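Go ahead and model the full structure; you've got the sequences and the hints to work with.
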Amino acid sequence: MNSDFVPLKQHTNALEIIQNTSNQQIIILLGKSGSGKSFLLKQLTKTSRTFLFSEPFFDEINFLNTLGSVILNKQTPSLQDFISFAKNSKEHYLILLDEAGMYEEALLEKIRILSDFKNFVFILSTHKIHKIFEKEHFKSRIGNIIVLNELSKEELSFYINTKFQLKKPFVDKELKLLQKISLNNLRTIDQILHTFIALYAYYEKQKLEKSSKFLLELCALHHNLRL
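For the sequence shown, the numbering used here gives the first residue as 2, with consecutive numbering after it.
These are calculated hints, taken from the structure and not from any lab test. Check each hint, because a few of them may be wrong.
Stated by the list, open to error - For lysine-lysine, the following DSS-like pairs were computed, each having C-alpha atoms within a straight-line distance of at most 27 Å: (1) Lys164 with Lys214; (2) Lys33 with Lys208; (3) Lys33 with Lys164; (4) Lys168 with Lys214; (5) Lys169 with Lys154; (6) Lys177 with Lys33; (7) Lys111 with Lys169; (8) Lys168 with Lys140; (9) Lys43 with Lys119.
Note that the structure is predicted; figures quoted are calculated from it, not measured.
Below, the structure is given as structure tokens:
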């Protein structure tokens with residue numbers, strides 16, 4: 002089983018777009034929960050001067066303090082401290098913000114202000130378009146909106162075969178069942194497949210042959226998922 006990032010086509014396309022538009026002020030990464038947004042953000046951390054914040058910030062003070070501690074080496078910076086730094090520095094930083102749909106408007110306004118100085122490129126990962134994103138003064142700062150769609154059966158098959166390397170690849174009806182019980186959520190798919198592999202190994206050891214459909218249904222019951 003391979004735990005590395007699986008290069009799904011829409012994910013690699015998204016990475017290329019981000020890397021080719023890194024001079025933009027704000028990039029929105031849009032997709033439902035489990036569509037792979039967090040996986041992509043983690044891939045981007047491999048570049049220098051990149052900071053990933055996986056947990057949402059619920060107020061602007063906490064945001065500025067956290068960002069200040071890693072960039073300015075200052076625990077309680079003001080917005081003016083960031084502005085002064087940006088005016089006097091030629092360094093560029095990529096700031097990755099997961100769960101940005103939960104941010105308050107006042108905090109998003111601070112992000113917009115910081116993005117104007119070009120030293121900071123913000124990638125905001127969200128499952129919904131925040132109302133402020135539609136306002137003209139904010140919209141003009143958004144360089145790109147990248148949408149991650151639900152996995153097709155072909156993408157799902159590639160994902161499973163690459164990451165889990167099952168002894169017996171799923172056929173079409175089994176892929177459809179997996180899509181149904183997982184709601185195409187990659188985190189849920191991973192949980193199901195880990196359980197599937199354990200069940201498969203157990204029945205194989207007992208010399209009992211069970212269909213993949215039967216094992217997937219057991220996985221759904223184990224994880225309290227609807228069939």
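How the hints compare with the structure:
no., hint, in the structure
1, Lys164 with Lys214, "holds, 20 Å"
2, Lys33 with Lys208, "violated, 40 Å"
3, Lys33 with Lys164, "holds, 21 Å"
4, Lys168 with Lys214, "holds, 15 Å"
5, Lys169 with Lys154, "holds, 17 Å"
6, Lys177 with Lys33, "holds, 19 Å"
7, Lys111 with Lys169, "violated, 52 Å"
8, Lys168 with Lys140, "violated, 49 Å"
9, Lys43 with Lys119, "holds, 22 Å"
The structure fails to meet hints 2, 7, 8 from the earlier list, while all remaining hints are met.
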